[in-house]
Amino acid sequence: MLRAFALLAVCAAMLLGATARAADLPAPTGTPILTISGRIETTNDGDRAVFDMDMLRSLPSVTFETTTSWTKGVQSFTGVSLKVLLETVGAQGDSISATAINDYAVDIPREDWVEGGPILAYLNNGETMSVREHGPLWVVYPYDLNPAYQSEVTFSRSIWQLDRIIVTR
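In terms of mature numbering (1 follows the signal peptide of the UniProt record, and there is no 0), the sequence shown is residues -22 to -1, 1 to 147.
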């Protein structure tokens, strides 16, 4: 009997812990712009984590300057680091499949989810980005700050008009 009660207590604690994690991510109040699904622990819409712009902006932001192949001159980008975003949803996989509004998709391995790595940019030169201007979300690497990011592989992972992420493997 005591053993059954202990097992019940452990199960209840695990359930409450899972509920607390889910409660840590509020539901979006604005227009959803990003959905994360797959191997994640923290959700706010069934088995998905859905973000509006205010939710993304509430996460710690990173700003850096770099040049890109798609813009003219040095640009300033601000957004949430991919590392922090994926930690926020409790990503458990080894890769993500990032998909744009037009269904273009790229895979980004866990090795890129590092401090000082790519950000999910929502500002370019202090301004929000329209769909026409690569927005509203663009995965941008600090190309000029790390020579390892100056490769065709990295450039191919720099997906713009991002609206979906699936954590895989």
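No wet-lab data here; the hints were simulated from the structure.
Even for Gly, the Cβ is constructed at its ideal location relative to N, Cα and C.
Hints may contain errors.
What the hints assert, rightly or not - Here are the simulated distance ranges between beta carbons:
1. Asp25 with Pro125: 17 to 25 Å
2. Val52 with Ala126: 33 to 41 Å
3. Asp23 with Gly71: 14 to 22 Å
4. Thr7 with Glu130: 38 to 46 Å
5. Pro120 with Ala5: 14 to 22 Å
6. Gly8 with Glu111: 26 to 34 Å
7. Gln128 with Asp25: 33 to 41 Å
8. Pro38 with Leu123: 29 to 37 Å
Right, here's what the structure says about each hint:
Range check, aspartate 25 to proline 125: Cβ separation about 39 Å, and the 17 to 25 Å hint is violated. Checked against the given bound of 33 to 41 Å, the beta carbons of valine 52 and alanine 126, roughly 19 Å apart, lie outside it. The given range of 14 to 22 Å is respected by aspartate 23 and glycine 71, whose C-beta atoms sit roughly 19 Å from each other. Roughly 40 Å separates the CB atoms of threonine 7 and glutamate 130, a value that falls within the hinted 38 to 46 Å.
A hinted range of 14 to 22 Å for the beta carbons of proline 120 and alanine 5 is inconsistent with their spacing of about 32 Å. Separated by about 20 Å at the C-beta atoms, glycine 8 and glutamate 111 break the suggested range of 26 to 34 Å. In this structure the supplied range 33 to 41 Å holds for glutamine 128 paired with aspartate 25, their Cβ-Cβ distance being about 37 Å. Between proline 38 and leucine 123 the C-beta distance comes to about 18 Å, which lies outside the given range of 29 to 37 Å.
Violated hints, listed in ascending order, are 1, 2, 5, 6, 8; each of the other numbered hints is respected by the structure.
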